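**Q** Turn these sequences into a full structure, and let the hints guide you.
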Amino acid sequence: MIATKTGPRVVLYEGADASPLENSFRVELMAKLLERGLPISLARGNALNSTENKQIVLGNFGGRFPEADSSTAEFRDIAGLDAVAVVSLVEDVLAGTNDPSNTKRWKPWFPVIDFGRCTNCMQCLSFCLFDVYGATSDGKIQVQNESNCKTDCPACSRVCPEVAIMFPKYKAGPINGDEISTDDVRREGMKVDISALLGGDIYAMLRDRSAKAQSRFSKERDDERALKERQRCLNKLKAAAGDIEIPTEVLASLPSMDQIQSKAEQARQRAAQALAQQAKSTNADSGQ
Amino acid sequence: MTDQPRILYCHCAFAQVIPKDVKQGVLERLGEAGVDFDCVPDLCEMSANRDPILQQIAENPDVRIAACFPRAVRGLFVAAGHPLPQPEPEVVNMRMLNAEEATAALLRPRDESPLAQQEEAQTVETTGTGAREGNRT
Ligand code: SF4
Ligand code: SF4
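Protein chains in written order, with numbering that gives the first Met the number 0: chain A, 0 to 287; chain B, 0 to 136.
It should be emphasised that the hints constitute simulated quantities derived from the structure, not laboratory data. Quick caveat, the model's predicted, so the values are computed rather than measured. Any given hint could turn out to be false.
Keeping only pairs whose Cα atoms sit at most 30 Å apart, straight-line, the calculated DSSO-like set for lysine-lysine is [as the list claims (entries may be wrong)]:
id: 1; chain 1: A; residue 1: K106; chain 2: A; residue 2: K53
id: 2; chain 1: B; residue 1: K19; chain 2: A; residue 2: K106
id: 3; chain 1: A; residue 1: K262; chain 2: A; residue 2: K279
id: 4; chain 1: B; residue 1: K19; chain 2: A; residue 2: K31
id: 5; chain 1: A; residue 1: K31; chain 2: A; residue 2: K53
id: 6; chain 1: A; residue 1: K53; chain 2: A; residue 2: K103
id: 7; chain 1: A; residue 1: K103; chain 2: A; residue 2: K170
id: 8; chain 1: A; residue 1: K170; chain 2: B; residue 2: K19
id: 9; chain 1: A; residue 1: K103; chain 2: B; residue 2: K19
Stretch by stretch, here's where chain A covers chain B in the computed footprint (C-beta under 8 Å, at least three residues) [what the hints assert, rightly or not]:
id: 10; stretch: 4-18
id: 11; stretch: 21-28
id: 12; stretch: 32-38
id: 13; stretch: 43-54
id: 14; stretch: 60-72
id: 15; stretch: 75-85
Glycine included, C-beta positions come from ideal geometry on N, C-alpha and C.
**A** What follows is the structure, encoded as structure tokens:
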């Protein structure tokens with residue numbers, strides 16, 4: 000989980016005491032502020048909503064500002080400014096504050112679990128090498144380290160037997176959250192076959208290939224060839240597991256095979272612990 | 000209560016999954032419609048950040064959300080620890096609708112929404128005991 004944060008809201012005020020913004024200017028300004036990471040409210044009513052959060056209230060005020068709690072509302076007259084100038088005016092207000100939108104942002108790519116489908120089997124936790132998944136104290140699967148997830152890699156969604164893992168920014172359904180068809184469920188059966196084809200799981204396949212490659216490389220001690228061989232293995236894996244659509248960069252940046260082995264083992268242990276914990280909680284509940 | 004739920008628009012700032020012309024068209028039309036509405040940069044980012052704004056949204060059942068697939072939006076609120084209220088707000092899917100259709104769905108009166116109609120149909124079928132099945136656009 001990333002730190003909980005809260006920040007100011009920008010209010011585009013078009014109520015009493017302000018003349019309306021021109022339509023195309025409003026759209027341009029809203030898009031720029033949203034891309035800067037700021038939430039916006041468009042207020043046409045006469046009163047500003049009271050809020051505990053800071054509000055930067057922008058409008059064509061002509062010198063008269065609406066009534067508001069001055070401890071949270073900061074007014075700026077934007078008459079005559081273009082969208083770029085308004086954004087830099089807002090930047091000035093934010094500068095020096097600890098507004099979270101000032102910090103570096105990342106493409107929010109991470110798995111989202113559909114708990115209406117999830118059976119808590121822990122396959123995803125066992126599969127992911129990057130500690131994205133964890134379990135709650137009562138043994139329920141949870142996405143805990145979103146920012147560890149490899150951007151554009153939906154691999155874990157392909158190991159979930161229940162089609163319960165979504166990546167909302169993925170291009171196609173049902174991984175993007177689209178409704179699940181009977182075809183999708185049928186494809187799950189195929190996934191199991193793909194997994195079997197790869198010898199249990201793709202990491203096992205990576206390890207096997209690595210072991211063979213390593214025994215050759217230790218004799219040859221040829222780093223360049225080793226690198227080429229690894230690349231060749233990864234390409235083969237990618238071809239075999241094309242359905243999984245792991246981006247090449249992710250495959251290429253996988254840790255060493257030894258690390259994969261130990262990570263996979265750790266993940267399996269965490270999954271087993273979580274399942275044991277869940278069984279305990281369920282027994283305790285049913286014993287009550 | 001007005002005749003429409005409050006609108007929350009998600010700008011999906013980090014990806015092209017919602018076409019730019021749809022996002023721009025929806026913002027433009029909502030602006031022209033003269034309604035008050037709220038916009039957030041990216042619900043996915045806010046979910047990962049456990050942004051308190053999600054809690055405020057989840058505590059207000061009278062909202063209509065413009066974003067992507069309802070199943071994904073629902074999951075993002077659950078992941079943030081603030082499941083959407085029941086009965087669930089309507090989610091208008093800007094990945095599947097064009098700007099005109101999405102705005103019309105956002106602005107339509109409460110009793111003309113598919114949810115209200117579905118509810119009404121269920122009420123008729125089950126003589127008032129029907130439960131809502133989640134929401135679809
Ligand atoms: S693999 Fe799917 S069903 Fe199993 S715990 Fe993960 S999300 Fe739930
Ligand atoms: S909730 Fe949907 S529309 Fe909003 S940022 Fe995430 S993927 Fe984009």
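**Q** Is the straight-line distance between the alpha-carbon of K31/A and that of K53/A 30 Å or less?
**A** Distance of about 19 Å is within 30 Å: holds.
**Q** Would you mind confirming whether the straight-line C-alpha gap from K262/A to K279/A stays at or under 30 Å?
**A** Distance ~26 Å between K262/A and K279/A Cα, so the pair holds.
**Q** Residue count check for the stretch 21-28 of chain B against chain A: does it reach three with CB-CB under 8 Å?
**A** holds (count 4)
**Q** Does K53/A lie within 30 Å of K106/A when you go C-alpha to C-alpha?
**A** Judged against 30 Å, a Cα distance of about 26 Å means the pair holds.
**Q** Run the distance test for K53/A versus K103/A: straight-line Cα separation, threshold 30 Å.
**A** holds (21 Å)
**Q** For the pair supplied as a hint, K19/B and K106/A, confirm whether the alpha-carbon distance does not exceed 30 Å.
**A** Between K19/B and K106/A the Cα gap is close to 17 Å, so the pair holds against 30 Å.
**Q** Between the alpha carbons of K103/A and K170/A, is the straight-line distance 30 Å or under?
**A** holds (25 Å)
**Q** Under a C-beta cut-off of less than 8 Å, do 3 or more residues of the stretch 32-38 of chain B approach chain A closely enough to confirm the stated coverage?
**A** With 6 residues in contact (Cβ-Cβ under 8 Å with chain A), the coverage given for the stretch 32-38 of chain B holds.
**Q** Tell me if chain A covers the stretch 43-54 of chain B under the three-residue, 8 Å CB rule, please?
**A** The restraint on the stretch 43-54 of chain B holds, since 9 of its residues have a Cβ under 8 Å from chain A and three suffice.
**Q** Okay, the stretch 4-18 of chain B and chain A, do three or more residues pass the C-beta test at under 8 Å?
**A** holds (count 6)
**Q** Straight-line Cα separation of K170/A and K19/B no greater than 30 Å?
**A** holds (15 Å)
**Q** Are K19/B and K31/A close enough, with their CA atoms no more than 30 Å apart?
**A** holds (13 Å)
The structure agrees with every numbered hint stated previously.
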